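Peer 1: Residues per chain, in single letters:
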Amino acid sequence: MKYAVKKLVQSAVILFFVSIVIFLAVRASGDPLQSLLDPRASDAQRAALSAKLGLDKPLIVQYGIFVFDALRGDLGNSHSSGRPVLEIIGEKLPGTVVLSIMALLIAILFTLLLGTLAAVKKNRAADRIVAVLSALGQSFPVFFVGIIAVQLLGVKLRIFPISGADTPLHYVLPGVLLGLCVSSSMALVLRNNLLAELESDHVKFARLRGLNERSVLFRHALRNSFSTVLSLSAFIFANLITGSIVIESVFAWPGIGELSYQAIMKRDFPLVQGIVLIFAILIVSLSLLTDILHAALDPRIRLGKEEMQ
Amino acid sequence: MNRLLWVEDLSGHIDTPKGRLHILNGVSFCVHENECFGIIGESGSGKTMTALSVLRYAERLGFQIDAGAIVFEGEDVLGFNKRRLLHYNGGRVAVIPQDPMTSLDPLFTAESQLVETLRTHKKLTVKQAKAQAYAIAEKMRIAPEKLKCYPFQLSGGMLQRIVGAAAIACHPKMIIADEPTTALDVTVQLQYLKLLRDIQDEYGAAIVFISHDMHAVSMICDRIAVMYAGRIVECASKNGLLRNPRHPYTRALIRSANLSGEVRGKYDTIDGVPPDPLAKPVGCSFADRCPHSMPRCFAETPPKTTRDDHEVCCWACQKDESKT
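Chain order of the listed sequences is W and V. Per this note's numbering, the very first residue in the first sequence carries number -14; after that it's consecutive. Per this note's numbering, the very first residue in the second sequence carries number 39; after that it's consecutive.
Please note: incorrect hints may appear among the correct ones.
Quick list of in silico lysine-lysine cross-link-like pairs, BS3-like style, CA-CA up to 30 angstroms [to be verified]:
1. V:K160 - V:K232
2. V:K184 - W:K(-9)
3. V:K186 - W:K(-13)
4. W:K37 - W:K77
5. V:K184 - V:K120
6. V:K232 - V:K168
7. V:K342 - V:K357
8. V:K211 - V:K186
9. V:K186 - W:K(-9)
10. V:K120 - V:K160
11. V:K186 - W:K(-8)
12. W:K107 - V:K120
13. V:K56 - W:K107
14. V:K184 - W:K(-13)
15. V:K184 - W:K106
16. V:K120 - W:K106
17. W:K(-8) - V:K184
By construction, these hints were calculated from the structure, which means they are not laboratory data. Given the structure is predicted, the values throughout are model-derived calculations rather than measurements.
Extracted from the complex, chain V is given alone in its bound form (with noise of 0.2 angstroms):
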C-alpha cells in the first residue's frame, strides 16, 4: 500500500499566559491510501492539534512546530505557500467538524456552501456546481429538498451528513474526521459511521478517524493509532491492537472501553492523571500511571520498536522482547 500521509517526529507548542504548553512531543505515523486510520486518546492527548497541523490550520491557534515533517502525496505541507494552501485544505485533504450544528454560516442554505466549495475547488458554471452538489447529496442520502434549508432549519444528523457532503464534494485524497459522531445521538452516530465507510468505498478516500471512543473507532478503522500526552504509543492494524495491546496505556484503555460488553460489577478506570502540558515531558509520559515503570521509564523517553507491523513506544515492551 502506498503511503499517502507521513508525519515524522512532530512537536510543538502553544505559547499561553501560564507558560509554554508542550501539546505534541514527537508525533509520528503514517496513513495509506484508500484505509481508515484511527487516533485515540483522552482529551488533551493531542488528537485534535495532530490534526489542525497536518491541515496547517493549527499556526491560527498559536501553535508553532517546533520540530518534525508533515508529507503528503511527496509534498512537504509545511512549505506550501498560500496558493497551495488554499487547494490542499479542501481539495485535497478535507475536514469533517466536530460540531455540525455551528459549523455552517448560518446566513447561506446548504446548498450554497456547497456550491461554493465546489467551485472553490473545480472550474465550474453555478449550473453545474448545483448539479454536482445534488449528486454529492443523494450519495450522502439527503432529501433533495433538504439542501434548500438553512443550517437552523435541519436536524443535528442531517447537519452531519451535510458537512460530510461538503468534505467529499472535491473528491480529496484524505478525509480527516475530528470526533464526527460526539454531537450525534448513539443511533444516529451507527448510521454515519456505516455512510462513512461506505463513501469512503466508493470515493477511494482515505479516513483519518479522531475519536476518544473505543468502540467508534474499533468499528471501522483498519489501523489504530494510540495516542498519550502528545505522542503515538502505539500503533497497530485493528486486530492487532484490540487482541494484543502491548502498551500499557493501551491495555488499560481497551480494560475500560469493555469492548467485549460483559457484565461487570464495576468500570475499569486508569489510575492517576495525564502530566502537565506546562512541564517539559522527560522519559515516558505515562510511566508515574503505569504498573510496570522501571526506573528508566521516568529517566528516558522509550523510542519506536516495530514488530510486525506493530509499533510501540515502550521501555517494558522492550525488555519482554529481549527476554523471548
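Isolated chain W, as found in the complex (with noise of 0.2 angstroms):
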C-alpha cells in the first residue's frame, strides 16, 4: 500500500512537469491567429481575438489558467471549432484507445507463445522461424505491412472491412497486425529473458529437487522472466497511443491521430494542449499500472530493498 502511494505521488510530479512543458512547446509552435484570421485582418482585430482567446495574458498567467481549468476537468474550448476539448477527445479517443488495448493483448498473447517456443525450443527449428518472423516484423514499418494487408485482405479477398470502426470485425485486421508487429521485438526480448532464466541456479535446484518440466518452466522461470515483458508493455502501449497517426490513417480509423494532427496543423492550442495531457495521463497511469502489477508479482519490490539483510 505504501509502495502505491509512494508512486501515485511520483505520476502526479510527472504530469505536473508534462503540463508545464506542453504548455510552452505548444506556444513554441506559432502564432495561432495566423491560422485563424484573414492574413488580411486589422490589428485591432488581431487584438480582440488575442483577448478572447486569452492569448495576451502572461505566459504565467495563462499557465496557471490552464492548470486550474484542467484541474476542475476543463480543459477550454477549441480555437478552431469553439466546442470543449474534453468533448472533441471524447469522441475520438476510445477508437484508438481500444485499438491500442486490443493490439496489446495480442501482442502479449504471441509474444508468450512465440517466445516460450523459441527459449524451449532452443537452436532447433521452431526458434530459427521465431527468429526469421521477429526480423521480418521488426524490419517491415507498421504502415507499410498495413497498407499490403489492407489491399490482400480487404480489397482483394474482401475478408475484412478496410476502412472505419463500425463493427467488431474491423478491429480484426489492424489489432492483429499492430499486434504481430509489436510482438516480433518482445518476443525475442523474452526469449532471450527465458533462456537465461533456464540456466539459473533456482532452476537448476528447482530440477534436481525433482520438479517436472511444466513447474520448471511456468512457475519458475518464465513467471521470473515476465517483468520484462511487463516493462515493454508499459513502454509499447505509449508507442501505440501517439503512433496512431500513421495506422489510422492506413485504416481510415476514425481515432485521435487524425485529430492530433489537425490540430497542429491549425495551432488550435487547448485542443492540442488537451490532447497530449490526456496522452501523459494515459501513460503515466498505464505505467503506474505496470508499477503495481511488478510489485505484484515481485516481493522484491513490494517490500522495498531496506528489508534487505
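Starting from two chains that each stand alone, build the complex the way the hints lay out.
Peer 2: Structure follows, in C-alpha cells:
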C-alpha cells in the first residue's frame, strides 16, 4: 500500500512537469492567429481575437488558468471549432485506446507463445522460425504491412472491412497487425530472458528437487522473466497511442491520431494541449499500473530493498 | 555395510568450440548406506561433474558419457526414464547446492518452496505439507517465522539451512552436498557441518560431501576420495587417508592443507599445473608434477590397487608394495 501511494505521488509530479512542457512547446509552435484570421485582418481584429482567446495575458497567468481549469476537468474550448476540447477528444479517443489495448493484448499473447516456444526449442527449427519472423516483423514498418494487408485481405479477398470502426470485425485486421508487429521484438526479448532464467541456479535447484518440466518452466522460469515483458508493455502501449497517426491513416480509423494532426496544423492550442495531456495521463497511469503489477509479481519490489539483509 | 551408490569407470566429455574437454576419465567409487563420503580435489578436477552425472543433470550441460555405469540401490541410473528420474531427483537423491543465495526462486517464500518440494514427491495436501515443512525447519534450526520470508530477506547461513531442509524434506537415501559451505563464513561453516552430521544420524541418509577444503572434509567424512584430472586417484577411510596417504598427490594435498596447524615459514604448494582437459589423457595425469614419476607413469594409466580397503592408482605405490 505504501508502495502504491509512493508511486501515485511520483505520477502526479511527472504530470505536473509534463503540463509545463506541453504548455511551452505548444506556444513555441507558432502563432495561432495566423491560421484563424484572414491575413488581411487589421491589428484591432487581431487584438480582439487575442483577448478573446486569452492569448494577451502574460505566459505565467495563461499557464495558471490552463492548470486550474484542467484540475477542474475543463481543458478549454477549441480555438477552431469553439467546442469543448474534452468533448472532441471524448469522441475520438475510445477508438484509439480500444485498438491499442487490443493490439497490446494480442502482442502479449503472441510474445508469450512465441518467446516461450523459441526458448524451449532453443537452436531448433521452431526457434529459427521465430527468429526469422521477428526480424521480418521488425524490419517492415507497420504502415507498409498495413497497406499490403488492406490491399490483400480487404480489397482483393474482401475478408475484412478496410475502413472505419463500426463493427468488431473492423478491429481484427489493424489489431492483429499491430499486435504482431509489436510482439516481434518482444518475443525475442522474452526468449533471451527465459533462456538466461532456465540456466539460473534456482531453476537448476528446482530441477534437482525433482520438479517436473511444467512447474520449472511456468512457475519458476517464465514468472521470473515475465517482468521484462511487463515493463516493455508500458513502453509499447505509449508507442501505440502516440504512433496512432500512421496506423489510423492506413485504416481510415476514426481515432485521435487524425485529430492531433489537424489540431497541430491549425495551432489549436487548447486542443493540442488537451490531447497531449490526455496522452500523458494515459501513459502515466499505465506505467503506474505496470509498476503495481510488478510489485504484485515480485516481492523484492513490494517489500522494498530496505528489508534486505 | 551395504553399497548404496556404485560408480564404475565413468568417462565423459563436453564438446566446446575449442575442442573436446575430457572431464571424467574413468571415475570409480562407491558410497555405502548412511556414511559420509567425501570427494576432494582442486577446481576442474571433475568433482562437480561427477556429482551432476550421478544426478543425471550433467547431460543438460552438454556432458556426454562415453563409458561407465552408475548404479543406485541396484538400479541402473543411466537407464532411468523421465518419470523415474523425476522421483530419483529430490525423492531418492537430494542436493545441497553450492550457492544458497541464488538457488531459491526469488519470487516465492521459503515455505512455499519447501511445500512444493514435499508435494512433488509425496501425496500430501497443502496443509499436511506445511506441517511437515515446519517440522523439518525445526530440525534444521530454522525459526518458523523465517519460513514466511522471501529468499532476499534471509542471510546466507539461513538460506543454506533452508536449502538443506529442502534437500532432506523427502527423506532421500543420499544427499549430495556440493561445496555447501563455500558461500558461508568460517564460523557458520562449522555450525553447518555439524548440523549436517546430526541430520544424517537422524535420517539415516548417506552424504556425499564435495569440497576442495581438506579441513572441512576431514571434519565430517568417514571415507575420502581424492580426485585429480577426472580420476579418483586414492580412496580410503578418513584415518587411513590422512595418516597414511599413499598417492603422491594426496600427500602433497595434505601437506599444503597443513592440517596439524603447526606454524611454518611458508605454505607448501604443489609445483606445476593440472593437465589441459583438451588433451586426451595418456598415462598417469599427475606424472609430470610427481616427484616419484617413472617412464611407465607417462605411458600407461595406473590401475586401481586395493590393500585393506585403501585404494590407490599409482605405479610408484605398486612398486613399493612389491618390495615389501
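Peer 1: Does the alpha-carbon distance linking K342 of chain V and K357 of chain V stay inside the 30 angstroms limit?
Peer 2: 13 angstroms, holds
Peer 1: K160 of chain V and K232 of chain V: Cα distance at most 30 angstroms?
Peer 2: It holds: about 28 angstroms lies between the C-alpha atoms, which stays within 30 angstroms.
Peer 1: Can you confirm whether the C-alpha distance between K107 of chain W and K120 of chain V stays at or below 30 angstroms?
Peer 2: Status holds; Cα separation ~20 angstroms.
Peer 1: For a C-alpha distance cap of 30 angstroms, please report whether K232 of chain V and K168 of chain V respect it.
Peer 2: Roughly 26 angstroms separates the two Cα atoms, so the pair holds.
Peer 1: With a cut-off of 30 angstroms on the C-alpha distance, tell me whether K(-8) of chain W and K184 of chain V pass.
Peer 2: 29 angstroms, holds
Peer 1: K37 of chain W and K77 of chain W were given as a pair; does the straight-line alpha-carbon distance stay at or below 30 angstroms?
Peer 2: Roughly 27 angstroms separates the two Cα atoms, so the pair holds.
Peer 1: Starting from K184 of chain V, check that the Cα of K(-13) of chain W is at most 30 angstroms away, please.
Peer 2: 23 angstroms, holds
Peer 1: For the pair we were handed, K186 of chain V and K(-8) of chain W, check the Cα-Cα distance against 30 angstroms.
Peer 2: Between K186 of chain V and K(-8) of chain W the Cα gap is close to 26 angstroms, so the pair holds against 30 angstroms.
Peer 1: Does K120 of chain V pair with K106 of chain W here, judged by a C-alpha cut-off of 30 angstroms?
Peer 2: 18 angstroms, holds
Peer 1: With a cut-off of 30 angstroms on the C-alpha distance, tell me whether K186 of chain V and K(-9) of chain W pass.
Peer 2: 25 angstroms, holds
Peer 1: Take a quick look at whether K184 of chain V and K120 of chain V sit within 30 angstroms of each other, Cα to Cα.
Peer 2: Measuring from Cα to Cα gives roughly 34 angstroms; hence the hint is violated.
Peer 1: Are the Cα atoms of K120 of chain V and K160 of chain V separated by 30 angstroms or less?
Peer 2: 17 angstroms, holds
Comparing the model with each numbered hint stated earlier shows that hints 5 and 15 do not hold.
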